[in-house]
Amino acid sequence: MRAPRLTINIPNILTLIRILLTPLFVIALLKGIFSFALFIFIIAAISDALDGITARWLDQRTLLGVYLDPIADKLLILASYICLGFLGSVPDWLAVIVISRDILILTGVATLKLMDLGMEVRPSIASKMTTTAQLFTVFVILLDRNFPFQYGLYILTAILTSISGLHYIYIGMNVLGDEHPQTENSEPERSEEDL
1 MRAPRLTINI PNILTLIRIL LTPLFVIALL KGIFSFALFI FIIAAISDAL DGITARWLDQ
61 RTLLGVYLDP IADKLLILAS YICLGFLGSV PDWLAVIVIS RDILILTGVA TLKLMDLGME
121 VRPSIASKMT TTAQLFTVFV ILLDRNFPFQ YGLYILTAIL TSISGLHYIY IGMNVLGDEH
181 PQTENSEPER SEEDL
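Heads up, the sequence shown is in my numbering, so the first residue is 1 and it goes up one at a time.
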């Protein structure tokens with residue numbers, strides 16, 4: 001498989017559009033225009049699906065896309081829960097859990113980068129389920145703030161978010177635990193094949 005390239009193409013343009021839609025989405029929420037916010041949210045979701053499909057179909061996976069796509073997702077999710085929490089449309093505790101998880105992940109990745117520890121972070125199944133639940137919760141609230149089973153949806157989203165956050169902490173601790181710097185007097189471990 002070819003290494004990702006740092007170029008602008010159709011998938012990356014779609015991702016950039018999603019990023020640029022986020023401030024407009026925030027303005028619509030703060031103005032209380034939930035129907036327009038829902039419209040923007042749906043457009044952003046469609047662009048998210050299309051950028052992945054076109055990247056695979058046109059073989060246009062790039063290094064820029066690898067970084068931009070999760071950034072676009074995080075921006076939309078964080079903006080949604082900060083605004084909806086501020087407006088009282090979602091419980092404060094749910095907004096705190098969602099925001100804290102993303103801050104924790106970003107802090108962990110930045111720490112590992114600063115320590116020059118190579119780590120390829122790929123979304124786990126728990127992470128994908130969490131993102132889906134978070135976005136679906138936002139969609140439901142924008143569609144109908146009196147959704148009958150919304151509290152159950154909040155709890156499900158909170159549980160998945162917490163599990164995903166703990167999973168990333170576990171991965172990060174393992175990466176840190178695998179680093180055993182050798183001193184000048186230490187000898188490298190030998191396997192049975194070396195004896």
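Source of the hints: derived by calculation from the structure; they are not laboratory data.
It is possible that some hints are incorrect.
[As the list claims (entries may be wrong)] Here are the computed distance ranges between Cβ atoms for each label pair:
hint : residue 1 : residue 2 : range
1    : Ser35     : Val175    : 24 to 34 Å
2    : Ser124    : Gly177    : 27 to 37 Å
3    : Val96     : His167    : 10 to 20 Å
[To be verified] As a list, the in silico BS3-like pairs of lysine-lysine whose alpha-carbon atoms are at most 25 Å apart:
hint : residue 1 : residue 2
4    : Lys113    : Lys31
5    : Lys113    : Lys128
6    : Lys31     : Lys74
7    : Lys113    : Lys74
C-beta atoms are modelled at their ideal positions from N, C-alpha and C, and glycine is treated no differently.
Holds or violated: lysine 113 to lysine 74, with C-alpha atoms at most 25 Å apart: 19 Å, holds
Restraint status (C-alpha distance of lysine 31 to lysine 74 at most 25 Å): Holds, because 22 Å separates the two Cα atoms, which is no more than 25 Å.
Holds or violated: lysine 113 to lysine 128, with C-alpha atoms at most 25 Å apart: The given pair, whose Cα atoms are some 23 Å apart, holds under the 25 Å limit.
Holds or violated: lysine 113 to lysine 31, with C-alpha atoms at most 25 Å apart: 39 Å, violated
Range agreement (Cβ of histidine 167 with Cβ of valine 96, hint 10 to 20 Å): Given range 10 to 20 Å: holds, Cβ gap about 19 Å.
Valine 175 and serine 35 - C-beta distance against the hinted 24 to 34 Å: 45 Å, violated
CB-CB spacing for glycine 177 and serine 124 relative to the 27 to 37 Å hint: The hinted range 27 to 37 Å is violated for serine 124 and glycine 177, with Cβ atoms some 19 Å apart.
The structure is inconsistent with the numbered hints 1, 2 and 4, although it conforms to all the rest.
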